[in-house]
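Peer 1: Residues per chain are reported as follows:
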Amino acid sequence: MNSLGIFLTIAVFYLFSKIYEKKRAFYLNPVMLSIIAIAFILHLTGISYETYMESAKIISFFLGPAVVSLAIPLYKQRGIIKEYSKEIFAGIVFGGTLAILSAFYVAKIFGGSESVLLSIAPKSITTAIAIGVSEKIGGIPPLTAVLVILTGILGNAIGVEMLDAFKIKDRVARGLAMGVTSHGLGTARIILVDELSGAVSGLAMALNGVFTSLILPYLLKLLQ
Amino acid sequence: MMLMYKGLGIIFGFLFIGELLSEAFNLPIPGNVIGMILLTFALLFNVVELKDVEKEAEFFIKNMSVMFIPPGVGVITYWGLIKSQAVPIFGALVISFALTLILTAKFVELLRGGEK
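Protein chains in written order, with my numbering: chain A, 3 to 226; chain Y, 89 to 204.
Chain A extracted, bound-state conformation:
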């Protein structure tokens, strides 16, 4: 039953994607629901994670070429990078660093263990890159994956409302903060509110992925 993992992943994701197509609510996020459903199915049937992963790992293998492919939207939006270069670069250095430090220190204050601190540090970057970064720095990639998705869901659910509550009206500032904080899921929400914010958010997400993967290993050496 080697193909079990692939079949289960695709079938469950297809089902939840269909539901999400009908009702685009943040709590119906198909990735999160698929993870919960598959975990539940494995638990009920007694099938081990290793058996599931035998073929499911083929699906996640494609995260490699998918990350490389992010070069294409980055290249296509080079015009926006040029136009807002100052705010984009300053914002990413500020926001990217803040995302790492705040996650790391808050977890530490609350008594987080070493592996939890390392797993939560890259939580604000896009899942594909975060998994690789987590692995490189000695975190737990599956925990990072789930935390990244939850951070994205938070941004998708209440990010726009929070920016409104704090009276932030600047469209570039709103997009940048959303992309740096809540990557793809945040971008998907703010692009519905404003196109410029959405474009800046998408760029900030990609660039923050690069920035965080470059700086995080060195930042951690300083912190520990």
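Among these hints, one or two may not hold up.
Stated by the list, open to error - Computed cross-link-like contacts, BS3-like style, restricted to lysine-lysine with a CA-CA straight-line distance of at most 30 Å:
id : chain 1 : residue 1 : chain 2 : residue 2
1  : A       : Lys84     : Y       : Lys143
2  : A       : Lys24     : Y       : Lys150
3  : Y       : Lys94     : Y       : Lys139
4  : A       : Lys78     : Y       : Lys143
Hints are computed from structural coordinates only; laboratory data are not their basis.
The hints should help you fit chain Y onto chain A, whose structure is shown.
Peer 2: Positioned in the frame of chain A, the structure of chain Y alone reads:
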């Protein structure tokens, strides 16, 4: 359909080079990120043409969500850790989210000095 292999060859080529560099120099940056940076520069300097990789790249990006599921399911093997560390994990998640979102937005807004 033959064209597909050119795009896939370029994408996997850059992935391979990125992984090679990451391992050879023992870099802390994942190989796929290095591949992405190199491909961006290759496009900027016209070493690679956009039309040669665009369709294949879009296919990977559009289907990225499903790729997170298997590593995500792996979290069940850490159930004990998550239960015992629930406060630091979820406390840090929510507080860091709110701080980063609002302070970054305020920072960029100040930087732009009230432009809209």
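Peer 1: Any hints this thing doesn't respect? Which numbers, in order?
Peer 2: none
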